[in-house]
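Listed below are the residues making up each chain.
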Amino acid sequence: MTHWTLRLPFISLRLSARGSAVALALALMIAAGALLALRLGTYPLVAGTWVAILGGGGSDIEQMILLDHRLPRILTALGAGACFGLSGAMFQTMLRNPLASPDVIGFNAGASCGALVAIITAGSAATGGTVLLGALLGAFCTAVLVVGLAWRNGLQAERLVLIGLGGGFALAALSDLLLSRTDARTAADMTKWLIGTLNARDWQDVTLVWAGLALLSPVLVWLHFPLARLGLPEDLASGLGLRLSPLRLTITALGIVLATLAVCSAGPLPFVAFAAGPIARSLLRNGQPALLGASAIGALLVLAADTAARMIVTLHLPAGVFTALIGGPVMIWLLVTQLRKGKL
Amino acid sequence: MTHPACQSPGLSAHQPASRDVRLRAQALSVAYAQAPILSDLTLDIPDGEITVIVGPNACGKSTLLRSLARLQRLSAGQVLLDGKNIHHQRSRGVAQRLAILPQSPTAPEGLTVHDLVSRGRTPHQSALKQWSRQDARAVEQALERTSMGPLAQRNLEALSGGQRQRAWIAMALAQETDILLLDEPTTYLDLPHQIELLTLVQSLNQDSGQTVAMVLHDINLAARFANHMIALRAGEVFAKGRPEQVVTRENMAQVFGLKCQIISDPVHATPHVIPE
Chain U
7 MTHWTLRLPF
17 ISLRLSARGS
27 AVALALALMI
37 AAGALLALRL
47 GTYPLVAGTW
57 VAILGGGGSD
67 IEQMILLDHR
77 LPRILTALGA
87 GACFGLSGAM
97 FQTMLRNPLA
107 SPDVIGFNAG
117 ASCGALVAII
127 TAGSAATGGT
137 VLLGALLGAF
147 CTAVLVVGLA
157 WRNGLQAERL
167 VLIGLGGGFA
177 LAALSDLLLS
187 RTDARTAADM
197 TKWLIGTLNA
207 RDWQDVTLVW
217 AGLALLSPVL
227 VWLHFPLARL
237 GLPEDLASGL
247 GLRLSPLRLT
257 ITALGIVLAT
267 LAVCSAGPLP
277 FVAFAAGPIA
287 RSLLRNGQPA
297 LLGASAIGAL
307 LVLAADTAAR
317 MIVTLHLPAG
327 VFTALIGGPV
337 MIWLLVTQLR
347 KGKL
Chain R
18 MTHPACQSPG
28 LSAHQPASRD
38 VRLRAQALSV
48 AYAQAPILSD
58 LTLDIPDGEI
68 TVIVGPNACG
78 KSTLLRSLAR
88 LQRLSAGQVL
98 LDGKNIHHQR
108 SRGVAQRLAI
118 LPQSPTAPEG
128 LTVHDLVSRG
138 RTPHQSALKQ
148 WSRQDARAVE
158 QALERTSMGP
168 LAQRNLEALS
178 GGQRQRAWIA
188 MALAQETDIL
198 LLDEPTTYLD
208 LPHQIELLTL
218 VQSLNQDSGQ
228 TVAMVLHDIN
238 LAARFANHMI
248 ALRAGEVFAK
258 GRPEQVVTRE
268 NMAQVFGLKC
278 QIISDPVHAT
288 PHVIPE
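Protein chains in written order, with the numbering used here: chain U, 7 to 350; chain R, 18 to 293.
A couple of the hints might just be wrong.
Stated by the list, open to error - Cut-off 20 Å, straight-line C-alpha distance, at most; resulting in silico cross-link-like pairs (EDC-like, lysine to aspartate or glutamate):
hint, chain 1, residue 1, chain 2, residue 2
1, R, Lys276, R, Glu261
2, U, Lys347, R, Glu253
3, U, Lys198, U, Asp208
4, U, Lys347, R, Glu174
5, R, Lys276, R, Glu293
6, R, Lys146, R, Glu157
None of these hints come from the bench; they were simulated from the model. None of the values given here were measured: they were computed from a predicted structure.
Generate coordinates for the entire structure from the input sequences, incorporating the hints supplied.
Here's what the structure looks like:
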């Protein structure tokens with residue numbers, strides 16, 4: 007495998023040719039996917055008119071469709087998908103277990119349950135801020151509970167997965183209970199949101215998820231280095247000078263924040279966080295955590311699911327149904343390959 | 018490269034003024050859930066020599082090695098590296114002087130030998146400086162010394178047991194430490210590969226003066242490759258010294274409960290155990 011070495015006074019990196027090619031291909035796919043998603047829809051917008059509309063031209067309807075509907079929706083989908091992918095890849099790498107992603111171990115369920123509580127208690131006064139706060143609280147409480155219960159002489163990934171699964175089901179039941187306390191209209195909206203949907207996203211959602219990503223990205227760049235070494239056995243990683251406990255705490259906190267950002271902007275879309283990492287890693291095949299790859303795959307998955315949801319208008323299916331359709335088979339593939347290798 | 022301090026210029030600052038022992042345990046005790054594993058161990062890992070720790074199963078050999086590498090929480094006592102408590106030193110700084118290879122480690126999927134060996138450079142790298150010239154040189158050298166150069170681009174999963182173990186040793190070598198701790202490096206290897214691996218370890222010690230401490234199961238191999246031996250029994254040091262001082266009829270009976278004769282190995286003149 008060929009590599010390129012980059013050496014400057016303050017920075018030195020070793021990049022694989024394959025990794026760079028995959029990154030370029032994924033970037034192109036995202037760009038193409040986003041352009042396609044802008045074009046698709048019940049109201050046709052020809053590619054040439056976008057530039058005019060973005061520049062302030064076009065009819066009012068075209069302005070509204072592009073700037074108030076499609077663009078924020080697509081940007082939110084990409085951002086939320088990237089957050090899900092990053093969060094999943096971080097947990098999976100840190101815990102050395104492909105099943106340990108925030109949607110499997112109940113963190114997403116915790117975030118959505120928290121958001122639900124915030125929406126119901128705040129009533130009509132609910133803003134983006136309250137929902138985010140509720141979701142963060144829900145996710146962190148779930149994490150403390152699940153990690154606390156799974157703790158036995160350190161964090162055991164298998165215990166965490168099983169306890170997290172149980173916790174996720176309990177939280178889903180709690181969400182259902184909360185829904186039954188609300189009026190039918192709110193409950194119907196909330197049910198869709200709980201499956202995961204990007205209906206009626208506005209620029210507030212775009213700002214939330216992308217500002218979050220921008221703020222966290224320096225930490226992510228820094229974390230990639232130790233994270234790539236956490237795949238080694240614990241004793242070796244410590245022996246190499248990594249301080250495991252503070253690292254794990256940081257990664258867990260960051261992973262929860264990322265998952266919460268995604269849940270707040272797109273709902274707890276199932277299987278995106280779970281599937282993005284393994285797909286990216288199987289493309290890259292270099293034993294790295296593939297954070298960048300996972301974020302790109304996550305973004306593509308959510309964009310594809312949301313575009314599919316928009317296209318099949320007659321059914322009014324939320325995007326979560328489509329991510330589940332993609333993610334389910336990935337889970338089966340992972341389970342089968344892991345079982346074959348005797349790793350489960 | 019005759020002296021270990023030549024390997025990395027940064028190391029000289031840590032060299033003690035006198036010829037003290039760089040790694041030692043003082044009144045070290047370890048307990049799991051109140052059950053004592055090691056009790057009140059005081060011992061030195063002599064500089065520039067090969068120390069082999071032996072003892073029956075569950076006598077605390079691995080725990081001792083992990084304690085020496087600050088991977089184990091101690092219930093009493095301390096481990097001193099260069100005269101200072103190892104737990105009070107920066108983890109990265111310790112990792113630049115001391116490397117440990119746990120028993121039968123597993124790597125993440127898809128790693129090549131070169132990737133794995135590069136991981137050994139971690140304590141010399143940072144998020145920004147991930148691949149300095151020194152890193153590239155150390156990895157090349159580690160691959161060469163373990164004869165893994167031709168296999169560098171191979172996937173780890175595609176290697177034989179002996180090759181894989183050499184790759185792990187190469188990773189520990191790339192760390193460029195003065196002290197190398199190995200926990201049963203010969204596990205799952207057949208006899209020729211065990212000899213090959215231990216000969217490699219011996220040559221590392223002889224060529225660059227690297228201090229080696231390892232746990233071995235086989236007393237005869239231990240006696241043949243060690244300059245210094247430590248025999249543990251039920252969490253305590255039962256005997257220590259040169260192989261001929263440790264591998265005696267009485268000690269084997271006391272430590273392993275093994276009735277045996279000791280003869281002199283006709284080839285290497287080291288003590289050889291013949292069980293009765």
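* Looking back at the numbered hints, which does the structure fail to meet, lowest number first? -> Number 2 only.
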